[in-house]
Amino acid sequence: MPANSDPQTRSWWSANQIRLAPWLFLAPGMAFFALYVIFPIFQSFQISFYRWDGLGEARYIGLHNYEDLFDDPAFYTSLRNNVKWLLLYLLAIPGGLFIALFLNQQVRGIRLYKSLFFFPFVISQVVVGLVFAWFYNPSIGLFNPLIGLFGFSPMNILGNPDTVTYGIIAAGLWPQIAYCMILYLTGLNAVDPEQVEAARLDGAKGWKMLWYVILPQLRPATFIAVVVTVIGALRSFDMISVMTNGGPFGSSRVLAYYMFEVSLSEYGFRMGYGAAIAVILFLIMLVYIAFFLWRMWREERGY
Amino acid sequence: MKFTIKGAVAALATTTALAFPASAELTGTLRIFFNDQNPAPKEAMEGMVARFGEMHPDLNIELTLIDREANKTQIRNYLTANAPDVNGWYAGNRMRPYVAAGLFEDVSDLWDGPMGDDLASTRPALTLDGKQWGVPYSYYQWGIYFRQDIYDELGLTPATTWDEEKANCQAILDSGRKCYTIGTRFLWTAGGWFDYLNLRTHGYDFHMALTAGEVEWTDDRVRETFANWRELIDMGAFIDDHTAYTWQEAQPFMVNGDAVSYLMGNFVVAPLREAGLTDDQLGFYQFPEITPGIPMAEDAPTDTLHIPAQAQNKEAARAFLQYVASAENQTIVNETLGQLPINRNATVADDKFIQAGFEMLSNATGGIAQFFDRDTDAELASAGMEGFQEFMVMPDNLDAILDRLERVRQRVNED
Chain A
1 MPANSDPQTR SWWSANQIRL APWLFLAPGM AFFALYVIFP IFQSFQISFY
51 RWDGLGEARY IGLHNYEDLF DDPAFYTSLR NNVKWLLLYL LAIPGGLFIA
101 LFLNQQVRGI RLYKSLFFFP FVISQVVVGL VFAWFYNPSI GLFNPLIGLF
151 GFSPMNILGN PDTVTYGIIA AGLWPQIAYC MILYLTGLNA VDPEQVEAAR
201 LDGAKGWKML WYVILPQLRP ATFIAVVVTV IGALRSFDMI SVMTNGGPFG
251 SSRVLAYYMF EVSLSEYGFR MGYGAAIAVI LFLIMLVYIA FFLWRMWREE
301 RGY
Chain B
1001 MKFTIKGAVA ALATTTALAF PASAELTGTL RIFFNDQNPA PKEAMEGMVA
1051 RFGEMHPDLN IELTLIDREA NKTQIRNYLT ANAPDVNGWY AGNRMRPYVA
1101 AGLFEDVSDL WDGPMGDDLA STRPALTLDG KQWGVPYSYY QWGIYFRQDI
1151 YDELGLTPAT TWDEEKANCQ AILDSGRKCY TIGTRFLWTA GGWFDYLNLR
1201 THGYDFHMAL TAGEVEWTDD RVRETFANWR ELIDMGAFID DHTAYTWQEA
1251 QPFMVNGDAV SYLMGNFVVA PLREAGLTDD QLGFYQFPEI TPGIPMAEDA
1301 PTDTLHIPAQ AQNKEAARAF LQYVASAENQ TIVNETLGQL PINRNATVAD
1351 DKFIQAGFEM LSNATGGIAQ FFDRDTDAEL ASAGMEGFQE FMVMPDNLDA
1401 ILDRLERVRQ RVNED
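As you go down the protein sequences, you meet chains A and B in turn.
For the record, in the first sequence the residue sitting at position 101 is 101 according to the working numbering, with numbers rising by one throughout.
Position in the second sequence (from 1) plus 1000 gives the number in the working numbering.
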């Protein structure tokens, strides 16, 4: 028999094994989380008080970066665009829900349709951005002939400061709707058929059935969909980088892109200024994260 | 005892090296990071390395090719963390951050020799704080490339004055075409237009003072430059929707004959030829005079090689740069690149456009500028080119654009 099974020689380790094991498994993750997530957050706060080009000596300048920021038209453009992203991106949730409801039926080949609808989420955002950039291209794109069929005159979506952000959001919505759809399809699997049956006996159908019977049961899915969509909207970056580089003349920037531009891009040497933008973005995200955590906590307590 | 022997050997090696520089044995490893993966530059660089390797058989040369855009962000990392012995970069203000941070090696000693005379034309572009920080291997002209066949059809000849340029443009517009193609999605193409309009309106000295941040952007002379630009914009000289295109995506307008000319660097010739334009259909002329009597200055961006301050094998690196600068090497390399050698003893390739550029730059009495984004501070470069793009779409915003640029200039000067 192995020696350690003998109760006399049971070490401290084997006595506490069950209690310690989860922490040991968590330890690498927690260490990396602290090192690569928590620590950089505080580091960004610190860098935002300096003027630093990333190479030479950093010089302490107090709140000067923030003063510059609140005086910077590009910052307000980015902020406004972030709000647009936030509001319009939420359309992915009803969009995903209706496609999910539509696909949630027993028809021959439904799996194929489901995977076709899910397809955009599988493609890299960069590829989606490229495809849409070609689609919108005023000389070779399909967009202008398409709207021409409905009698609209040609538009330069990505080259016009008034339309560019909406054009990119539309491209971003395509994969995001697919993502929400999957969340809802999973949620619909968990809908209790007996409740639906009971509601039907009570005469509920159509919108009433959806609103009072189905949707309440989809609440967990809705919650996750809102969280990922809001965060997705706030961290939008790759689409903008691929489709417009923040242009024309900076009109499609969002905070995340502007931060990259001033600190890390070809002409960016202002680490402190970039860190200040990152801090603002972090504070905005913090509001949402706190709100969702609070709701989650309340719901857990309520049920 | 060991110490003395080592010293004696070292002393002997030094004297031998001094006495027989040609047979100086280079050993160890020479690591080169080159900033272009495109076929022609790759071939040129690999050829350069192979020939240098033959001269120094004991030297192990490791060549790493980095994508041009990726290098612009990676350079900051590799110069501080894992420096090669030689790296590719650009002349002018673009090297200032690395010079200021002490990451580039001072190579003034190379320039003090005969090499300095051979490369004299680009000495100012590689000089910062009175020292030289790298060696150029190639440059290329900017100018107006145009459809010779359409000019012939309309009975036009390339303009030499601003009035002729506008008259030609009007004739082109009347024929249902656009005068100039341009794609401003990556802002720098608009920078070329600003450079030439400003160089021709006020001359080299004013342009260099402005790009160095010594002149206010709200100055009336800057407004004059923009007023000249606006004449073309108001005529409708540029293609529509140019904000949506890259410089490559703007080429089909010229190839299809919807637009007749393109203000661009000589690198545009190769893709235009590939797209099917023959040398009979394609012409080149110098950007015309605007203010009479101002000596003509040109944009000719210079590509350079540098030695990082933390390089391991600086002796080999210096020898390599010296070889790069030699007339023999520059002749071969620029033949491959389709660009112009800087060494005045090198031979210029037998190509219509390269010959035209060589003649133009040899007679550029006004001076040679690098390009807007290499002559200005980085922060001002990005704000400036963004402003140029905005101006080309909304010329009425000029006051707001200039105010914004002036604010950036003041902040940059404060630092």
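Hints are computed from structural coordinates only; laboratory data are not their basis.
Fair warning: there could be bad hints in the mix.
Stated by the list, open to error - Stretch-level coverage of chain B by chain A, calculated; a stretch enters the list once three of its residues show a Cβ under 8 angstroms from a Cβ in chain A:
id	region
1	1092 to 1102
2	1154 to 1160
3	1194 to 1200
4	1381 to 1388
Claimed, not checked - To give an idea of the chain B side of the interface with chain A (calculated C-beta under 10 angstroms), a few residues:
id	residue
5	L1187
6	E1214
7	R1411
Glycine is no exception: its CB is placed at the ideal position from the N, C-alpha and C atoms.
- Query: Against which earlier hints does the structure fall short, listed by number upward?
  - Reply: Per hint list: 2, 3, 6 violated.
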